[in-house]
Amino acid sequence: TQLLEQSPQFLSIQEGENLTVYCNSSSVFSSLQWYRQEPGEGPVLLVTVVTGGEVKKLKRLTFQFGDARKDSSLHITAAQPGDTGLYLCAGVEGDYKLSFGAGTTVTVRA
Amino acid sequence: SQTIHQWPATLVQPVGSPLSLECTVEGTSNPNLYWYRQAAGRGLQLLFYSIGIDQISSEVPQNLSASRPQDRQFILSSKKLLLSDSGFYLCAWSSSYEQYFGPGTRLTVT
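One line per chain: the protein sequences are E and G, in this order.
My numbering puts the first residue of the first sequence at 1, with every later residue one more than the last.
My numbering puts the first residue of the second sequence at 1, with every later residue one more than the last.
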């Protein structure tokens with residue numbers, strides 16, 4: 001199993017501020033996914049990035065896949081309380097499996 | 001559209017008792033199915049995955065087992081629960097790399 005490290009582990013910011021979450025590995029992934037999970041619920045897929053250097057935008061969320069396909073970042077602009085949750089990155093291993101990072105808990109205070 | 005169900009939603013069981021968690025998927029055929037366990041606020045640990053009936057792979061040796069009696073049904077079992085089996089159990093399905101999660105089962109072993 002390939003290891004994915006997420007940083008920071010916890011992030012607490014005021015509404016309207018920006019934040020960035022990082023996902024790093026020493027291994028190359030064919031693609032990488034970001035999920036958001038709210039307490040007591042299952043993770044929900046936000047985006048899949050496939051190409052090295054790729055940037056995808058989802059409203060106020062910007063996802064970037066590193067050129068070497070070993071790392072990724074999630075940037076949220078003007079965060080809102082609804083952005084609160086556990087953000088998980090996951091790298092695709094082989095044909096069927098994902099390797100998940102430990103997650104970043106984001107709290108946006110109103 | 002596809003939906004995934006898990007039950008029960010919560011479960012409190014004494015140490016040494018058996019366990020059966022059920023997951024069913026609707027709206028798709030021959031999905032890949034997964035069982036994960038999640039510690040509070042942390043990443044997902046893959047327990048089992050199945051790419052078809054009678055094709056189940058175990059990722060972590062422990063006192064849990066999985067079965068797939070029907071194409072869209074995945075069951076997680078134990079003959080004797082340990083305290084360390086407490087956690088949030090998530091079932092997921094996929095037809096490619098992207099996984100879609102159920103609502104989860106909160107298991108507390110007392």
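In short, the hints are calculated from the structure, not lab data.
Any given hint might turn out to be false.
Using 25 Å as the maximum straight-line C-alpha spacing, the simulated SDA-like pairs for lysine to any residue come out as follows [as the list claims (entries may be wrong)]: (1) Lys-97/E - Thr-110/G; (2) Lys-70/E - Gly-41/G; (3) Lys-97/E - Val-12/G; (4) Lys-97/E - Gln-2/G; (5) Lys-97/E - Trp-7/G; (6) Lys-97/E - Ala-39/G; (7) Lys-97/E - Pro-69/G.
We went through each hint and held it up to the structure:
no. : hint                 : verdict
1   : Lys-97/E - Thr-110/G : violated, 32 Å
2   : Lys-70/E - Gly-41/G  : holds, 24 Å
3   : Lys-97/E - Val-12/G  : violated, 30 Å
4   : Lys-97/E - Gln-2/G   : holds, 20 Å
5   : Lys-97/E - Trp-7/G   : holds, 23 Å
6   : Lys-97/E - Ala-39/G  : holds, 19 Å
7   : Lys-97/E - Pro-69/G  : holds, 21 Å
Comparing the model with each earlier hint shows violations of hints 1, 3; every other hint is respected.
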